[in-house]
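Chemist: The chain contents come next:
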Amino acid sequence: MTEKAAIDRFEEKMVVLIIGEGEAERQVIVPKKSLPRGVREGTWLQVEMDADRVVSAVIDTEETMRAKQRILDKLERLRRGEHLE
Amino acid sequence: MRRLVCVAGFLVASLLGCGSPTPTPDAVATEAVIAHKIFATLTASAPRVAITPPSATVKPTDTPLSPDLATFTVTPVAVTVRGANLRAGPGTSYAKVGSLPQGQPVQVVARNAAGDWLQLADGSWIFAELVANAPNVSVAQLSPTEAAPATGTLTVTFIDVGQGDSILIQTADGHAALIDGGNPGSGVLAKLRQAGVQKLDLVVVSHPHSDHIGGLPEVIKGIPVAQVVASGQPHTTPDYERLLDAIAGAKAQYTEVKRGDKLALGGIAFDVLSPERTQPTGDLNHNSVVLRLTYGRSVFQFEGDADAAAESSMRAAGLLGIVTVLKVGHHGSRTASSPAFLAAVQPVIAVYSAGAGNDYGHPHQQTIQALQAVGAQIYGTDRNGSVTVTSDGSTYRVSTEKGGPMQKVAATAVPIPSRANPMPVPTVVTTPVPARTDCDRAYPDVCIPSPPPDLDCPEIPYRNFRVLPPDPHRFDGDHDGIGCES
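Residue numbers (our numbering), protein chains in the order written: chain A, 14 to 98; chain B, 12 to 497.
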């Protein structure tokens, strides 16, 4: 089963992934080497997991851009104080 | 030794609190009452005590000076005209830090802007009218923050949230701030309620990694939060998005802060030491919000996950000084707590926040050794549970859920080659090298074992060797068939 995953952070050679949505959302720590080259903190992926092991991982550029834009829009509204009105 | 010496003498004793009660044996395990040893907050480089002994007093005289003495300036010695209290700052709202009897010679080093309070060489303050013959001194440079008036007890709790950060700061007059909230499900809201926190003036987001922000949406939705401040570094994760949604839903004010800013909390204020700027760079740890809180003579510094480069930047900007309590950067990771930084801040108490048996090896051994090298007493939420430090501005107290500070562990002895015998006769031991049979076939020109463990180019001696699929170590990043190209 393929799931959405976001890279929360790098801790030296390890990567903290936030995998799945809703009730299935969880943090999994995987080796950096089990992920495609070019991933960064905040990159979204399509992953297939076997428990805590990465079976396959592909960068989801489209989801990365979509999430980034949505989040930056929300941040901009906070910066302008629009939520206080 | 600056913090550990209790110098004899009644003045020093009264100022340093040498006479403070020592902990009773049954209280030592979980609680230590320690006389406040930070004395140099305001005058880090000034001599501890510089009081002219009475025998050296030179009385002004009408007698013409002999020519031999004419070149000497005779300065009347400043003395107290009656018994006087010493304060941590220029005003009676500051904590009392000692007292002097009538007729005590004092060394005045500075005054406040109004000129009605004088600062003595030890950093304490005295009401100017109580001092006769006070010299004409310049206005004290209190940088970067004038010591906050300490009224009542400040409580700082390093909440045990497993592998993550969450720090609660409570003032005596009911103001509260929270720095970070641990991972999702950290339970920090319940712990705030246990601590009697019904609202937060301030929530500080040190940086947007899950182990710092994951538990914050629950807090922001659960109790009133007036203001949220952050580094300005956005993140593209579900936890960060939920944080933004929670701030918007709670109608909390949102502000981004950088070096030089101040954050008020009731009558006290945090100095923002880092980040240098709020523009997004993508380096979230480096741009952590680093805060310093000065309360009377206590100085707390909260590092977030700031790395050695951020420490170096703060040092270069002249922002570092002695601290009483350091929240160790990045859970005790070796990416922070550089020796130069620790030499500058010299914490009396160092608290790291980490989960027992975490996957990253936090705190790293070299960080612990570096903290021990500067004489810090080390507490960790993995060993001690939640750690609470209270300060009345002149003394502090550490209490934990379990246990005391980490015992100093002697570093492993490394034999030092004898200089007296520079050419020892080598003892030749011939050990047969076993033939390697586990060379991975993806690297036919060299012998590299198959993973595990995963190897990186810096860990192997070979460069520019042939790589065949499937390249289990991923030595050939650009897939041109050549590995670890130099």
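Rather than coming from a laboratory, the hints here were simulated on the basis of the structure.
Just to be clear, a hint being listed does not mean it is correct.
Computed list of lysine-lysine pairs in DSSO-like fashion (alpha-carbon distance at most 27 Å, straight line) [to be verified]: (1) B:Lys-269 / A:Lys-87; (2) A:Lys-46 / A:Lys-87; (3) A:Lys-87 / B:Lys-273; (4) B:Lys-210 / B:Lys-273; (5) B:Lys-202 / B:Lys-107; (6) B:Lys-210 / B:Lys-232; (7) A:Lys-87 / A:Lys-17; (8) B:Lys-210 / A:Lys-87; (9) B:Lys-202 / B:Lys-232; (10) B:Lys-273 / B:Lys-107; (11) A:Lys-26 / A:Lys-46; (12) A:Lys-81 / A:Lys-17; (13) A:Lys-46 / A:Lys-17; (14) B:Lys-262 / B:Lys-232; (15) B:Lys-202 / A:Lys-81; (16) B:Lys-262 / B:Lys-273; (17) A:Lys-87 / B:Lys-232; (18) B:Lys-269 / B:Lys-413; (19) A:Lys-81 / B:Lys-232; (20) A:Lys-45 / A:Lys-17; (21) A:Lys-87 / B:Lys-262; (22) A:Lys-81 / B:Lys-269; (23) A:Lys-26 / A:Lys-87.
Chemist: Are the hints correct? Go through all of them and say.
Modeler: How the hints compare with the structure:
A threshold of 27 Å between alpha carbons decides the hint, and for B:Lys-269 with A:Lys-87 the separation of about 21 Å falls inside it, so the pair holds. Between A:Lys-46 and A:Lys-87, the direct Cα distance comes to roughly 33 Å. Violation of the 27 Å bound is thereby established for this hinted pair. Taking the CA atoms of A:Lys-87 and B:Lys-273, the gap is near 25 Å; set against the 27 Å cutoff, the hint holds. Taken as a hint, the B:Lys-210 and B:Lys-273 pair is honoured in the structure, with Cα atoms around 21 Å apart against an allowance of 27 Å.
Note on B:Lys-202 and B:Lys-107: the hinted pairing is violated, with a Cα-Cα distance of about 33 Å set against a maximum of 27 Å. About 11 Å separates the Cα atoms of B:Lys-210 and B:Lys-232, which keeps this hinted pair within 27 Å; it holds. For the hint pairing A:Lys-87 with A:Lys-17, the CA-to-CA distance comes to about 21 Å; that is within 27 Å, so the pair holds. Between the alpha carbons of B:Lys-210 and A:Lys-87 the distance comes to roughly 24 Å, so the proposed pair stays at or under 27 Å and holds.
Distance restraint check for B:Lys-202 and B:Lys-232: the Cα-Cα separation of roughly 15 Å lies within the 27 Å cut-off, and the hinted pair is therefore satisfied. Distance restraint check for B:Lys-273 and B:Lys-107: the Cα-Cα separation of roughly 25 Å lies within the 27 Å cut-off, and the hinted pair is therefore satisfied. Straight-line distance between C-alpha atoms of A:Lys-26 and A:Lys-46 comes to about 8 Å, which keeps the hinted pair within the 27 Å bound. For the hint linking A:Lys-81 to A:Lys-17, the alpha-carbon distance of about 15 Å falls within 27 Å, and the restraint holds.
Between A:Lys-46 and A:Lys-17, the direct Cα distance comes to roughly 18 Å. Compliance with the 27 Å bound is thereby established for this hinted pair. Straight-line distance between C-alpha atoms of B:Lys-262 and B:Lys-232 comes to about 10 Å, which keeps the hinted pair within the 27 Å bound. For a cut-off of 27 Å, the pair hint linking B:Lys-202 to A:Lys-81 is broken: about 33 Å separates their Cα positions. Only pairs whose Cα atoms come within 27 Å are accepted, and B:Lys-262 paired with B:Lys-273 is accepted, the gap being roughly 22 Å.
Among the hinted pairs, A:Lys-87 with B:Lys-232 is consistent with the structure: their alpha-carbon atoms are about 17 Å apart, no more than 27 Å. Proximity of B:Lys-269 to B:Lys-413 is assessed by CA-CA distance (about 36 Å); at most 27 Å being required, the pair is judged violated. Between A:Lys-81 and B:Lys-232, the direct Cα distance comes to roughly 24 Å. Compliance with the 27 Å bound is thereby established for this hinted pair. For the proposed pair A:Lys-45 and A:Lys-17, the alpha carbon gap of about 17 Å is at most 27 Å, so the pair holds.
Proposed proximity of A:Lys-87 and B:Lys-262 is supported: the alpha carbons are some 13 Å apart, at most 27 Å. Among the hinted pairs, A:Lys-81 with B:Lys-269 is consistent with the structure: their alpha-carbon atoms are about 23 Å apart, no more than 27 Å. A threshold of 27 Å between alpha carbons decides the hint, and for A:Lys-26 with A:Lys-87 the separation of about 32 Å lies outside it, so the pair is violated.
The structure does not agree with the numbered hints 2, 5, 15, 18, 23 stated previously, though it agrees with the rest.
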